[in-house]
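Visitor: Given next are the chains, with one letter for each unit.
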Amino acid sequence: MAEKEKVFEIRDMDLYYGSFQALKKVNIDIYRHDVTALIGPSGCGKSTFLRSLNRMNDLVEGCRIEGKLLFDGEDFYGKDYDTIALRTKVGMVFQKPNPFPKSIYENLAYGPRLHGVKDRKKLDEIAERTLSQVGLWDEIKDRLGKSALGLSGGQAQRLCIARCLSVEPEVILMDEPTSALDPIATSKIEALIQELSKQYTIIIVTHNMQQAGRISDRTAFFFSGEILEAGDTRRLFTNPENPKTEEYITGRFG
Amino acid sequence: MRGKSLKVKETIIEKALFLCAAGSVTAVALITLFIFSSGYSVLRSYGPLNFIFGMDWSPVNGEYGILPLIAGTLEVTAGALILGVPAGIGCAVFLAEMAKERWAKLLKSAIELLAGIPSVVYGFFGLAIIVPAIRDWLLPAVQKIDPDVPASGFSVLAGAFVLGIMILPTIVSMSENAIRAVPLEFREASLALGADRRETITKVLVPAAKSGIFSSVILAMGRAVGETMAVLLITGNVPKVPTGPLDPAATLTGTIAMEMSYAGPEHQSALFAIGIVLFILIVILNSIALAVMKRFGGAV
Chain A
1 MAEKEKVFEI RDMDLYYGSF QALKKVNIDI YRHDVTALIG PSGCGKSTFL
51 RSLNRMNDLV EGCRIEGKLL FDGEDFYGKD YDTIALRTKV GMVFQKPNPF
101 PKSIYENLAY GPRLHGVKDR KKLDEIAERT LSQVGLWDEI KDRLGKSALG
151 LSGGQAQRLC IARCLSVEPE VILMDEPTSA LDPIATSKIE ALIQELSKQY
201 TIIIVTHNMQ QAGRISDRTA FFFSGEILEA GDTRRLFTNP ENPKTEEYIT
251 GRFG
Chain B
1 MRGKSLKVKE TIIEKALFLC AAGSVTAVAL ITLFIFSSGY SVLRSYGPLN
51 FIFGMDWSPV NGEYGILPLI AGTLEVTAGA LILGVPAGIG CAVFLAEMAK
101 ERWAKLLKSA IELLAGIPSV VYGFFGLAII VPAIRDWLLP AVQKIDPDVP
151 ASGFSVLAGA FVLGIMILPT IVSMSENAIR AVPLEFREAS LALGADRRET
201 ITKVLVPAAK SGIFSSVILA MGRAVGETMA VLLITGNVPK VPTGPLDPAA
251 TLTGTIAMEM SYAGPEHQSA LFAIGIVLFI LIVILNSIAL AVMKRFGGAV
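Taken in sequence, the protein lines are chains A and B.
Read in order, the letters of the first sequence are residues 1 to 254 in the working numbering.
Read in order, the letters of the second sequence are residues 1 to 300 in the working numbering.
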């Protein structure tokens, strides 16, 4: 099998919040069209790591990052790197569904408009395409003008994924996207993630071991700011190399 | 034994608090009753429509048309809003989104200090600085275009300027709270779509905080309509419908304050009737603000 293309290449990454070191010497490669799961106990740094991939940590005062971080071969923490272009290519879906308090349509038109799409027909197309991608089109096509706040949790999260797709990203970061959802909504999102992985590269933080096992190709196990083990998901779950990994995935702590 | 005495204490406290509450409600009710009963006689003899839409306010001749006063109040208020609302919202955005914590605190307390300055001091400020500034700098320029422009400097513009400053604290602190109350998730969602800070502020944060911001504007409007002393000192108090920002104007509140001391019985009743109009106006504005806040569940 041919060597897969690397989307992110992270080498010796250290991240500090003030004087606290949240990530230590993190090394990982993320491959195109893979679903990469980040697992580990609370506070291990996996969300922090995820949020540094589209520079959302820039919002946190006192956050400092060192190391070599490449996205498509470019240093995305470099001085001249365009953060906005990065965030356009690396979209994000959050833990709590967070549609804007606007209509469903406006939620989907917001991103494209930022990037200069003004033509109503094009925006209509984007809305239909993205909603179809997440399997919401038939459910809500008759109430695109209604507030997005009236959607159920699962629908709202799928709308957020559609919103993320509306700016045609390469990578989708997902920060525990199903932790606020019921099991049925969760299984829909999981199926969606697998579907999306054909076109997009997905990195997902999850607390749910079964979820990581079900949907991911590769898994990285974070523990107190370090990646203790990373690799093929099936291998990691069936035959972990690190005893800590085994303890965690079998539920002995976490 | 102890339980019983506790219970007695609690009953006493409860009754006392009830009395306090009842007292303030009664006071409001009595004031309302008093204003309405005092103003009623002129409304009946002069006719409410003549009163509200009459163009001539000259109590000496028995004419009690308050349209010029209503126009004066509305124009000064509108001017204050035009000047104060953009400045106030801009300031709120700056405090909530841009200023460093330390600066935000400093600026905020400075703005809250504005709320504590007695209004007569604002009036004096207007009288000593704004009115002469308009007279000496603005008017000479305008007179070249329109030689008939009133030359005193006492004007709608002066009143609007000072009122615009006076309503800042209301707008800034309420709007800032509303913007701060917008969940972090909206901000993150917007940035994650590749929006910059300006786009996030103008297209997500401010719209999400709009009910709070709108309420602050309505309350500020109430404040501007009700303001007396500052306006009285600087608008010139000429009961004629002002046709431009440099015209002098008389307001509802200013007229009551100035004329009450020498008014005869009928004139006095007319002044109370102005009070009724003001009262209703303020009640309407406050109910709009409350309704908007309730409806959209905006932060107060």
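These aren't lab readings, by the way, just hints derived from the structure by calculation.
A hint or two may mislead.
Unchecked claim - Within a straight-line C-alpha distance of at most 30 angstroms, the following computed DSS-like cross-link-like pairs (lysine-lysine) qualify:
#1 A:Lys102 - B:Lys9
#2 A:Lys146 - A:Lys121
#3 B:Lys100 - A:Lys96
#4 A:Lys79 - B:Lys100
#5 A:Lys89 - A:Lys198
#6 B:Lys4 - A:Lys96
#7 B:Lys210 - A:Lys118
#8 A:Lys6 - A:Lys24
#9 A:Lys79 - A:Lys141
#10 B:Lys144 - A:Lys102
#11 A:Lys96 - B:Lys15
#12 B:Lys210 - A:Lys141
#13 B:Lys210 - A:Lys146
#14 A:Lys102 - A:Lys79
#15 A:Lys122 - B:Lys203
#16 B:Lys4 - B:Lys15
#17 B:Lys203 - A:Lys146
#18 A:Lys25 - A:Lys68
#19 A:Lys121 - B:Lys210
#20 B:Lys203 - A:Lys96
#21 A:Lys24 - A:Lys188
#22 A:Lys24 - A:Lys121
#23 A:Lys79 - B:Lys294
#24 A:Lys89 - B:Lys203
#25 A:Lys79 - A:Lys89
#26 B:Lys210 - A:Lys122
#27 A:Lys89 - A:Lys188
#28 B:Lys4 - A:Lys102
#29 B:Lys15 - A:Lys121
#30 A:Lys118 - B:Lys203
#31 A:Lys146 - B:Lys294
#32 A:Lys141 - B:Lys203
All figures in this text were calculated on a predicted structure; none of them were measured in a lab.
Visitor: Each hint: holds or not?
Guide: These are the hints, each one checked on the structure:
Between A:Lys102 and B:Lys9, the direct Cα distance comes to roughly 52 angstroms. Violation of the 30 angstroms bound is thereby established for this hinted pair. Between A:Lys146 and A:Lys121, the direct Cα distance comes to roughly 19 angstroms. Compliance with the 30 angstroms bound is thereby established for this hinted pair. With a C-alpha separation of about 28 angstroms, the suggested pairing of B:Lys100 with A:Lys96 holds against the 30 angstroms cut-off. Note on A:Lys79 and B:Lys100: the hinted pairing holds, with a Cα-Cα distance of about 23 angstroms set against a maximum of 30 angstroms.
Under the criterion of a C-alpha separation no larger than 30 angstroms, the hint pairing A:Lys89 with A:Lys198 is consistent with the structure, at around 16 angstroms. Restraint check: the Cα-Cα separation between B:Lys4 and A:Lys96 comes to about 51 angstroms, which exceeds 30 angstroms; the hinted pair is violated. Restraint check: the Cα-Cα separation between B:Lys210 and A:Lys118 comes to about 24 angstroms, which is no more than 30 angstroms; the hinted pair holds. For the proposed pair A:Lys6 and A:Lys24, the alpha carbon gap of about 22 angstroms is at most 30 angstroms, so the pair holds.
Distance check on the hinted pair: A:Lys79 and A:Lys141 sit about 43 angstroms apart at the alpha-carbon level, beyond 30 angstroms; violated. The suggested pairing of B:Lys144 with A:Lys102 is violated, with an alpha-carbon distance near 50 angstroms, which exceeds 30 angstroms. A C-alpha spacing of about 47 angstroms is found between A:Lys96 and B:Lys15, which places the hinted pair above 30 angstroms, so the restraint is violated. With a C-alpha separation of about 27 angstroms, the suggested pairing of B:Lys210 with A:Lys141 holds against the 30 angstroms cut-off.
Restraint check for B:Lys210 and A:Lys146: satisfied, since their Cα atoms lie roughly 18 angstroms apart, inside the 30 angstroms limit. Annotation: proposed proximity of A:Lys102 to A:Lys79 is violated, straight-line Cα distance about 35 angstroms (limit 30 angstroms). Straight-line distance between C-alpha atoms of A:Lys122 and B:Lys203 comes to about 20 angstroms, which keeps the hinted pair within the 30 angstroms bound. Using a Cα cut-off of 30 angstroms, the hinted pair B:Lys4 and B:Lys15 holds, with the two alpha carbons roughly 17 angstroms apart.
Restraint check for B:Lys203 and A:Lys146: satisfied, since their Cα atoms lie roughly 18 angstroms apart, inside the 30 angstroms limit. With a C-alpha separation of about 10 angstroms, the suggested pair A:Lys25 and A:Lys68 falls inside the 30 angstroms cut-off, and the hint holds. A threshold of 30 angstroms between alpha carbons decides the hint, and for A:Lys121 with B:Lys210 the separation of about 29 angstroms falls inside it, so the pair holds. Restraint check: the Cα-Cα separation between B:Lys203 and A:Lys96 comes to about 21 angstroms, which is no more than 30 angstroms; the hinted pair holds.
Only pairs whose Cα atoms come within 30 angstroms are accepted, and A:Lys24 paired with A:Lys188 is rejected, the gap being roughly 35 angstroms. Restraint check for A:Lys24 and A:Lys121: the C-alpha separation of about 48 angstroms exceeds 30 angstroms, so the hint is violated. For the given pair, A:Lys79 sits about 47 angstroms from B:Lys294 by alpha-carbon distance, which is inconsistent with the 30 angstroms threshold. Between A:Lys89 and B:Lys203, the direct Cα distance comes to roughly 21 angstroms. Compliance with the 30 angstroms bound is thereby established for this hinted pair.
As the CA atoms of A:Lys79 and A:Lys89 are separated by approximately 18 angstroms, the hinted pair is consistent with the 30 angstroms bound. At roughly 29 angstroms between alpha-carbon atoms, B:Lys210 and A:Lys122 fall within 30 angstroms of each other, so this suggested pair holds. Between A:Lys89 and A:Lys188, the direct Cα distance comes to roughly 24 angstroms. Compliance with the 30 angstroms bound is thereby established for this hinted pair. With a C-alpha separation of about 56 angstroms, the suggested pair B:Lys4 and A:Lys102 falls outside the 30 angstroms cut-off, and the hint is violated.
Restraint check for B:Lys15 and A:Lys121: the C-alpha separation of about 67 angstroms exceeds 30 angstroms, so the hint is violated. Proposed proximity of A:Lys118 and B:Lys203 is supported: the alpha carbons are some 15 angstroms apart, at most 30 angstroms. A distance of roughly 20 angstroms separates the Cα atoms of A:Lys146 and B:Lys294; the hinted pair therefore holds under the 30 angstroms criterion. Annotation: proposed proximity of A:Lys141 to B:Lys203 holds, straight-line Cα distance about 24 angstroms (limit 30 angstroms).
Violated hints, listed in ascending order, are 1, 6, 9, 10, 11, 14, 21, 22, 23, 28, 29; each of the other numbered hints is respected by the structure.
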